[in-house]
Every structure is written in C-alpha cells, then in structure tokens.
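Peer 1: Okay, here's what each chain looks like letter by letter:
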Amino acid sequence: MKSVKLIVVVSFLFSVSLKAQNDTTVNSVADTNFNSELLPQFSTSLNILDEESDNQDVSGLLQSSRDVFTSIAGFNFSAARFRVRGYDSENFQTLMNGVEMNNPESGRAIWAYWGGLNDITRYQESKNGITASQYAFSGIGGFSNINARASDQRTGSRVSYGSANRSYNHRLMFTHSTGLMANGLAVTVSGSGRYSNEGYVEGTYYRSGSYFLSIEKKINKKHSLGFVAFGAPTVSGGQSISVQEAYDLTGDNNYNAYWGYQNGKKRNSRVRNTHVPMMMLNHYFTLNEKTQINTSGYFSKGKNGRTRLSWYDAADPRPDYYRNLPSYYSNPGDEALFELYTNLWQNDVNTQQMDFDQMYFANTKNLHSVQDANGEIGNTVTGNRAKYIIEEERRDETRYGINSSFTHKQTENLMLSGGINIDMYKSRNFKVMNDLLGADYWVDVDRFAERDFADESAAQSNVEIPNHIIKEGDEFGYNYDININTYKGFVQAEGTSAKIDWFTALSLSNTSFWRTGNMKSGLFQEDSKGDSEKKSFLNYGVKAGAVYKITGRHLITANGAYITRAPQTRNSFVSARSRNQIVDNLESEKILSGDLNYLVRYPNVKVRLTGFYTNINDKTWARSFYHEDLNTFVNYVMTGVNQNFVGVELGAEVKITSTIEVTGAFSTGSYIYSSRPTVTISQDNSTELLAENRTVYFENYKIGGMPQTAASVGLKYSSPKFWYVGVNFNYFTDIYLDANPDRRTEEAIEGLVASDPQVDEILAQTKLDNGYTINAFAGKSWRIKGKYYLRLNINVNNVLDTKDLATGGFEQLRYDSRNVGRFPPKIGYMYGRTYFAMVSFTF
Amino acid sequence: MMNTNKYILLSLLTIVVAFTSCKKDYDSPPIQSLPTGNIISIDSLRNMYVGTDSIIDMDLSIFGIVTADELSGNIYKMLFIQDETNAIKLELTSSSSNTFFIGDKVRVSLKGARLYAYKNMIAITDLDPDKKIIKQTTGEAFVPELVSIDSIKNLNGVYSKYQARLVRIDAVEFLCSDVFSCPGVPSTWADAINQADENRTIEDTLGNSLLVRSSGFSSFANQALPTGKGSIIGIVSQYNGDMQLTIRNPAEAKMNEIRYNQCVYLQKDFNDENLTSGCWTQQNVVGNIDWYVDDIGSNGSPYAVIKNYNGSSNIPCETWLISPNLDLTTLVNPIMSLRSDMNYSGPALEAYITTNYTGDVTTTTWSALPINLDNTFGWGFVSSGDLSLSSYVNQNVTIAFKYKGSSSDGSTWELDDIIVQDN
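Protein chains in written order, with my numbering: chain A, 25 to 867; chain B, 235 to 657.
Since the hints were derived computationally from the structure, they do not count as laboratory data. Do not take every clue at face value.
Facing chain B, a subset of chain A residues (Cβ under 7 angstroms, in silico) [what the hints assert, rightly or not]:
{"hint": "1", "residue": "P356"}
{"hint": "2", "residue": "G357"}
{"hint": "3", "residue": "F722"}
{"hint": "4", "residue": "E723"}
{"hint": "5", "residue": "G775"}
{"hint": "6", "residue": "V777"}
{"hint": "7", "residue": "A778"}
{"hint": "8", "residue": "D780"}
{"hint": "9", "residue": "L787"}
DMTMM-like, lysine to aspartate or glutamate: derived pairs with alpha carbons at most 25 angstroms apart [unchecked claim]:
{"hint": "10", "chain 1": "B", "residue 1": "K311", "chain 2": "B", "residue 2": "D293"}
{"hint": "11", "chain 1": "B", "residue 1": "K311", "chain 2": "A", "residue 2": "D840"}
{"hint": "12", "chain 1": "B", "residue 1": "K488", "chain 2": "A", "residue 2": "E359"}
{"hint": "13", "chain 1": "B", "residue 1": "K369", "chain 2": "A", "residue 2": "E771"}
{"hint": "14", "chain 1": "B", "residue 1": "K369", "chain 2": "A", "residue 2": "D840"}
{"hint": "15", "chain 1": "B", "residue 1": "K339", "chain 2": "A", "residue 2": "D840"}
Selected chain A positions facing chain B (Cβ under 10 angstroms, derived; list incomplete) [claimed, not checked]:
{"hint": "16", "residue": "S694"}
{"hint": "17", "residue": "Y725"}
{"hint": "18", "residue": "Q789"}
{"hint": "19", "residue": "T790"}
All residues carry an ideal CB built from backbone N, CA and C; glycine is no exception.
Okay, chain A solo, but in the shape it has when bound (with noise of 0.2 angstroms):
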C-alpha cells in the first residue's frame, strides 16, 4: 500500500509530462530482420558527425525491439539516421548479463566492442521509453540487456554466411551450445569474421573477428556461476562527411576524403584499430523461490586507436580542405585558377583524394638537422623531418567493477528489485607515431604555438624531453588519463491488479572525476602535468509509470521521470588534451520527461501511439576550432544548454489474411533547443579569456542531423510454404542542419543591420530536402530431416538507388560572418542500393 501511495505522489508531481510503456518483449530476433547487419554504422548524432567522436554506437534499441514502432522504424529509417524520439544514444542504455555497456566517458554504448557476435546479442531483452528495469535505472530512452549466460543459450550448433555490401562483403559465424548437460555445466562458444577489402564507400575497408566464450556452472540449486569472456578486434577504413562542392565535382554523394593512392594502392588515412576485450565472472544465487540475487564481477581493458593525418610547416593536404577546392578560387580575376581546380578535381584522381605519393616525395626531400635533440645539449640528429605522418590518437581504457542485483517477488502482485554497481573506469589518451611516411623522424612541438609565441619552449608537447625526437611506434602530443569512478544504486517496485499495473524507481549515483596529465607541455607548465581537481557529482533519478486496462486489448500508459546526470568528462574539461583545466560551473543535466501511450492488442492488429515531452536540462558543450573572427584556435564551451524534445511515434502492425502483414511506423516530433546558453572562449594557446558571457540565441533551433519527421508503410506476405517477401515505403522529412551555436550571439552579427543579407545568411537553419526510399526483403526455410534447419534470406535497402537523400549534416564551426558560404556545411548522404543476404545452417 505504502507504494501504491508512492507512485501516485509521482504521476501527480509528473502529470504534466507523461510517458509510456512499451511492450516488453524477451526477444530473440530472428536474422530476418538482419538490422544489426546491415545497419551501416551510423551515427546517430550531430556529434558523431562531428569526426571527434564515436561512430559505432548505433543504438541497441534500434536492432532489438519488438515493438511494433522500434521494430520498423530499426529496420527502415536508421539508413537515415533517425534517432527514436531525437534522443543521443546516451539516452540508452545497454547491459549485458546485467552489467552496464555504455561507457562512462560518452555515456554511449559501444556495439563495436561486441561487434560480429549477433548469435549471442540477438537474444536480448529490450524496452524502450521510460520503463522498469530490474537490471538497473535505465534512463529516458529505454534498456537492452544482452543475455550472454551460457545455460540459457539455445542449445545446438549455427553456422552462417552472409554476403553484403556496405561496411563488409562476408561474413562467417559460428555458434555452439552445449545446453545445461548432465554435469551442471553449459558451455557457450561463438566466433566470427567480417571482411571487406572495399566497403559500398571507396576507400574503407572492414577487417573484424570476433570471439564469445560463456560457462556457467550450476552448483546446485541456488547457486549458479558464469563466466563471459569475449572481443572483437576490428580494423577499418573511414568514411569522411564533406561539403557538397566535393559531391558535385566527384558526381559522388558517398565521396570519401579520407582516402588517396600510394604507390597505385589505395590507402585510408583514417584506420580505426579497436580491440576492449571483457570478462565478467557472474553468480546467479536463487536464495528461495521469491528472491534471486545476481551478482558481478567485470574486467574490460583494451584499446581504440584513430589514425588521422597531421603535418608540420606544409600545406594541409585534406582535398577537401576549403583552399584545395575551386570555390576557393571564386573571386573574379581568379577564373583561370578556378578552371584548373575544377579540371583537376574531376580528371585527377590525385587532387580528388590525399596525394600519399607527393606527401612520401616532400618527407624525403627534407632534410633538416634538430640541435639539442631530445633535451640532450650537444645532440644533434639530422635526417629527413617529417612534414606529414599519420598518428593514430588513442583511448586505451581499462574498467573494472562489480555489479549485484536482486528481485524479490513480495507478494504474488508485488515485485521488489533493487542492485548497486561499483564502476572504475580509466582512459589513458595519447598519441602513437604510426607511419612518418619516409621521412626519419619528426619533432614533438605544437606548430600552432610556435607561429603564436617567441618562446620556443611554448612549443614543446614535453619540456620534459625538448626536442623530441619521434620515430615510428612513440607516443607523442599529449598524454593524459580520465578517471571516472562511478557508486550507484537503485530500488524499484512492480505491482500489477486487474485494471492497474505500475512500477516506480528510485536511483541515487556518485559519479567523480578527474584528469591526471602525463606530459608536462610548454604551453600549460604549470597545469598540464598531475591530477585536477576531483570533480563529484551526486546525482538521483524517479521514474514511475502506470498502465489502465480499458480491456485486455485496449490499453492505456502513462510515464514520468526526473533524472539528474553527472556531465560528460568530454565537455568538463576546457580542453582535456593540453590542460586540467575544467568548466566553471559545471552542472550535473536535469532530465524530465513523460509519455502518454494508447496500446491495442489484438492478435491481428497491434497499434500503439505515444504523445511524450522530454526536457534535458543544464547540458555543457565544449568544443576546440579555429574562430575566424578571434583570428586564433579557440576552446568554446557553453553551459546550460537545454534541449526539448515533443513529438508522437504511431506503430501498427495489421494482419489482413493469415498471410499477408500491413505494418505502418510513424513518428514526428520538434527536438529543438530550449535555452539561451551561455558561452566562455578561451584560446587553446594559452589561458587567454577571448570571451566571456557570450549569449546564444538559441532557443527554437532544431537539433539537426536527423529527420524529425519519418514514415514507413510495409506489407509483407508470408507463404505458408516457409517463404516470405515484403517491401517497405519510407519518408523522411524535417532534416536540419546541426546549427553552429556562435553565429547565434549578438557578436556574430554585429555592425550589421536588419536589411543586410547576412544577417539572415547567419542565422537562418538550413532544412534538407525530403526524400523516400523502398525497401524490400525475401526468406525462405527448409526443414532438412526433421531436425536441421536452413534459411536462406536477402534484404535490399534503397531499391531504387536514391543518391541524392541527405540526411543530416552540420554547419562548421568555423565561420566568417561575412561570408557564410566560404565554410559551407558538411552534409552526410544516404547509401544508394545495398543488400545483404545470409544463408545458415542450424544443427
């Protein structure tokens, strides 16, 4: 009773803002619907966009639910990028046996780390919106637990081939189950490997295996223990986002920049080498029939690595860069100069991609001698110095933990669940000298503070070691740790009636942070090197929600939530990479959010419309560019950014004739921008305060990079003769360019007045064009000897090759006010036709 009064004080404090659940479905999804494959790794932000953050975070909700809207709207509009409700995907959480995925730095999971095991992922319990959890307190966006336990993994063995061409052109996996044999124990082992040598983008390429091993040993009746281990290393070639010059020269919306010849072979300047191997030890204890507790242990250490070209006293070699494209030469008297670009931008291969070739030529032919060489007076090395190298940046983390969570079945209406987690969590961030590219050596100084300060030790990466001479497989740059270490707990009670479900939660965290610099930098002498400041944040959430059964076919939800949540250590620190510097004023982010659902479930129609207000209060941003108008490398960070999120998701899935399926998803929304933030500049040289108290206009701005607007329509038939074929309609509108925060201040637009063209040139959004694409998808299964089985299945997304679908982009950060279209927007397009068809063979 006492909780029946606890969930009404919350929805009546949260009967503003209501929100829904959703079906909740133990849910193994079937390859037919192969949206983990073939799902490109899109980023589902602006921010992976941007190219400083992940990109291999698509959302588990996505791949997973059944849910009548997730599940098509996974399959069809994640080609365009669309985010479920316009959240990031830090607003999902992902858990394996319990333990929580998402890492603690960009709060996003990291599907990559796990990528290939799909016979595993796929059994997954999913909920989406907010929801019950007796994991752990999932937040606005909804939870996928991974069921990695070897004892309930479908005994028999699987073998697969799939063939496509995006990311990857095969794809080899295996899978084998014992089952729980006679001896208590279970055994799991899965592997895989994903190959292309080049991706549906030219220039990448996909190089991945991966490996799954769980055993679990029943002890007796209460006690159960597991193990998990598993990995998967992954090379691969990158795919850049350009401005639409670069399309239209090349006749190419999936042009790559990131690639150039080498000696007549193609090379990407942009490798991702990631490998985070886990374990986690897990004890499942059934202490009675009502009460199970489950706990564990995890140990995750390993490495990503991102190469990236960088060059001293040279001209930037990115073809792409704004100099090295035509418009560049736009200015009349420049017409001879602008012919030739265009000319060779579409007849030489060369000037359309990086020129590895003059880069190995310019690091060869230059000759230079480094006096007092690595600190040593005296010490002089001569050799070619580089001019252009490619460094891999690298995050190794290393997290540990432990994990325990225990649901205690009150009454037969009742359920009590609760669970702590310990999480400690350390990057250590540096820089490797991959390849110098033929040259000898390069010297570590920053060229940006040796063109800014007289002072030659200003330059130097390390005053510990000047001078540092740099050869292939030494760290260099900077080099500094994160530390996050992370207590947090959470109780939940369920309780259902005839008419009336509900459940409520309450969470309570310690997030704290720091940063500890391992390289003393000439620039920061003082602040570069040892721990800063300990930051801790102390952080809760309430969630609640409530279920009417009109009847058992007509249901109405209801969800509330107010979360806190520490901010990421990405946007604490002024800039990470050179000081201990952080944010003043940083806050922990307010989460408010609500949904309101109308379910129907019949077995021919299931429906569901959600109406859902999501605010996200009190975010901090921080970002590092080059500030045309402060003429210098700056350091912004804005703080109190609030983003509003409002919109319906419909999902229907109509069963006209035992054999033929209509479904239909539809979802729109305004994600936009709810505040004016506030803004501090500083220079990336030096402590320097450029601007302080800036203001950004920003409430009303859309949050790009999406379509808030999609639609699918589909119909399938299923023969009885174990086939099936089915299409997809889908369209997508109200796509918006990510909208860069200081053309929306007061100072961006100064001296100009109302009637100049700039000022609407400044601020106006851009909205990309709408567009639709067909899907379609065929199946079939053969039943050999009554017992094995082989099915054989193909998916075609984009059937119609549309090229010319953007779907989201961003405007750069560098700008010139008075002339917006010299850094025009990076813009991102859809694939044209891919496939992907699988054929396994279970056993």
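Position chain B relative to chain A; hints supplied.
Peer 2: Structure of chain B alone, referenced to chain A:
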C-alpha cells in the same frame, strides 16, 4: 466500450495535434535596424566636407556600387563607390582584394570613419573593410558617364565635380612620346620592374590632355600602352590642381583606331653612326664582307653601306642585315618605308620578312618583302614609298636584307631611314 475507445483515440489525437502544432519562432539576437534618416546619399556625404577633417560620429550609412576594386592592384587599400548622386573614394585599413569587387553593391557604415581631403581629393578614410563595408548584392552593372577632358578639368572652385566618378572619354590617344619612347618598344602603363607609378598622357583631338596614372604594383604595369585612338574608362581623381585618370583594367582602354597624330614606330636612320644600335644585327653566311656606316656624299647624314669590291677584286659573300624583333600587336595599320641606293653590277639586294626568326638566317623561313629598292645604277637615294604591313598586325616580325656578291661582280648597296609607323 468501442465508444470509450473512440474517445480515447480522439483525445490522444488531439494531444498529438497539440504536441506538434506549436511551431515556435526561431530565437534571434537583437538585430540593429537602420532608420531611413540614417541613410544618406553620397552627394550629401561629400557636401558634409566643409574644408576641415571630421570624424563621423553619427550612425550614418551610404549605399553604393563598387566602381573600382583592388583586383588589378592599380589601387591598394582603396575602393571607389558611386550611387545615382555622386561617388567617393574609400580608404581602407586593410586590403579588400579578396572581398569586394566591381559591381558589388555595398553598405558603408560611416560611424567612426573620417571624412577628409588629401590634396583636394575628398575621401572617407580609416575604414575597416571587414567590419564597416557590408556587401548587399553582386554583379550590379554601372555604366560609366561619357565626359570630355575639358569638363573633367573644369574645376568648380577647387574641386572637379567628377572626383571619384567612373567616366568614359572617347576619341583620345596617348602621346607619341608615351607610346614609343624607345625605338620599336612601346611604353608600358607603369614601371613594373622598379614597382614605380608612372604618369602617361592622353590627348583628345582638341589638344586637351589628361594624366593617366598607374601603379607599378598593378598586374598590367608591364603591359604596353595601346597605341591607337579610342575610348578609355577610369576613375577621376584629383591631386592639387591636376586631374588624373585611374584605369581599372587595360581592356577598358579600347584605343585601336587609326591615330590622328601618327607616331613613328621604328626609325633606323644610322645617324648615331652605329649599325647595330636598336638591336640590329648582321650575319655572314658566306665570306666576311660586312655592312658599315658611312656618310660620303650625303651631306653628313649617315647611312648603311655594303660592297664586296676591295679595290682590286670582288670577294664572294652573303651578308644579312637584320632588324630587331618588331612587335606589331599594338599597331593598327603599320606601314614601312626606306631609302636605298645601288651602283655597279651584281645580284640585287633582297628584302625579306619573317614571323619566326630563329636567330640564324639560314634556318629561318623567310618571305620576300616587296619593298621597292633602287634598280638603276648610279649614285642617289631612291625612296621606296609606303609598303603596308597590315597583314602582319598582331604578329612579331623580323625584317632582313640579303646582300650577295661573287668573285666576278657585286653591287654597292646603301640603306637609310628604315621606318615603320602606324598610319
């Protein structure tokens, strides 16, 4: 029950509509407006100058079309703009050569800038082009006003009313002393080598003249002046009492009609007693008989002469006299003339022309040049009359004379006053 469901569905749809229909206006930083009263004409601005410098402290703006930009380098840190009332020179704190171009319509925010006159030329100065000049549109056509030199020089008090305006002057030509200051080499707009400004002078048929001043930094500084007569477009400026024209682009000096005041383009009269001055050369193909300069029997007027008789015998030879390269690209109707004299029997002197002189007469493909040469024995110069070289306009040519003598005979040939001029 179905009714209840309908109501629920209806109310949910209402909520849906309510959720999505509230379209909100975009936020905006405060945007300055420009009251009509703060927009003034360029003429009003010029009238604000009353003999003393002043900083403009009011929030005034002028609108105008850029009539001269920094693209050619003929002006630097400077723009000229003009509206339907008048024109003004803008002096900038930094170059705008990548930003503002002829035909751009701009707003100039005057607050903080200085209105002043330098040597009687009124201008706005201390103007930051990145902040104070705001482009409105591009590609606006502005037709230059047709004026005479006389009206430009007609001062209204101390100022010409054409100051800073874009004008066109028809039927003018550069002085011959500008066009051909050196034999065969037309003058350039300015001194590109020393990056020095140069004044040239145009003259109309009435004899009125006007300075055309060009910058040694301009991209066309080393281009040849047009040698004909025609129209020229430029910006009028004033320096004390002198009026000057600043061109925007040499293509706007369309001076290719026949001059009313002919200039000599090439004049080799040997009066300097130097056979090879002005880049003339000679070449011995056979023997070593040379051309030389003499003045016997010509009243002290030197000429070039060649003969193969050494006083006792004839010596076999073939000797060429070769003109400098003649760049006829700037000439409208070049004509050539010379005087010649021949005595004693021998092969006739042959005149040739080529557009492709290799530097060696034996490897060059020559065409016969049909110029009239003396064909009667005895002393006395004969004039060739005019030979038109119009078929060689827009080409580089070399002219040569081939003298031949054998062991049995050989004439004496004399040449003088070899002239090419534009007609």
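Peer 1: Each hint needs a verdict: does it hold in this structure or not?
Peer 2: Results of checking the hints against the structure:
Hint status for A:P356: holds, given a least beta-carbon distance of 5 angstroms to chain B, under 7 angstroms. Contact between A:G357 and chain B, as hinted, is supported at the beta carbon level, the nearest pair being about 5 angstroms apart and thus within 7 angstroms. The beta carbon of A:F722 comes within 6 angstroms of a beta carbon in chain B, closer than 7 angstroms, and the hint placing it at the interface holds. The closest approach between the C-beta of A:E723 and any C-beta of chain B is roughly 4 angstroms, which is under the 7 angstroms cut-off, so the hint is satisfied.
Because the beta carbon of A:G775 sits about 5 angstroms from the nearest beta carbon in chain B, less than 7 angstroms, this interface hint is met. Of the supplied interface hints, the one on A:V777 holds, with its beta-carbon coming within about 4 angstroms of a beta-carbon of chain B, less than 7 angstroms. Using the Cβ-Cβ criterion of 7 angstroms, the hint placing A:A778 at the interface with chain B is satisfied: the shortest such distance is roughly 5 angstroms. Taking 7 angstroms as the C-beta cut-off, the interface hint given for A:D780 holds, the closest approach to chain B being about 5 angstroms.
The criterion of a C-beta within 7 angstroms of any C-beta in chain B is met by A:L787, whose closest approach is roughly 6 angstroms, and the hint holds. Restraint check for B:K311 and B:D293: the C-alpha separation of about 23 angstroms stays at or below 25 angstroms, so the hint holds. Distance hint between B:K311 and A:D840 is fulfilled; the C-alpha atoms sit about 20 angstroms from each other, no more than 25 angstroms. The straight-line distance between the Cα atoms of B:K488 and A:E359 is roughly 22 angstroms, inside the 25 angstroms bound, and the hint therefore holds.
Simply put, B:K369 and A:E771 have alpha-carbon atoms about 18 angstroms apart, close enough for the 25 angstroms limit, and the pair holds. Annotation: proposed proximity of B:K369 to A:D840 holds, straight-line Cα distance about 13 angstroms (limit 25 angstroms). This hinted pair checks out: B:K339 and A:D840 have alpha carbons roughly 19 angstroms apart, not beyond 25 angstroms. For A:S694, the shortest C-beta to C-beta distance to chain B is roughly 7 angstroms, which falls under 10 angstroms, so the interface hint holds.
Here the hint on A:Y725 is kept, as its CB sits about 6 angstroms from the closest CB of chain B, short of 10 angstroms. Interface hint at A:Q789: satisfied, since its Cβ lies 7 angstroms from the closest Cβ of chain B, which is below the 10 angstroms cut-off. Given hint, A:T790 at the interface with chain B, is violated; its Cβ is 12 angstroms from that chain's nearest Cβ, farther than 10 angstroms.
When the structure is compared with the earlier hints, a violation turns up for hint 19 alone.
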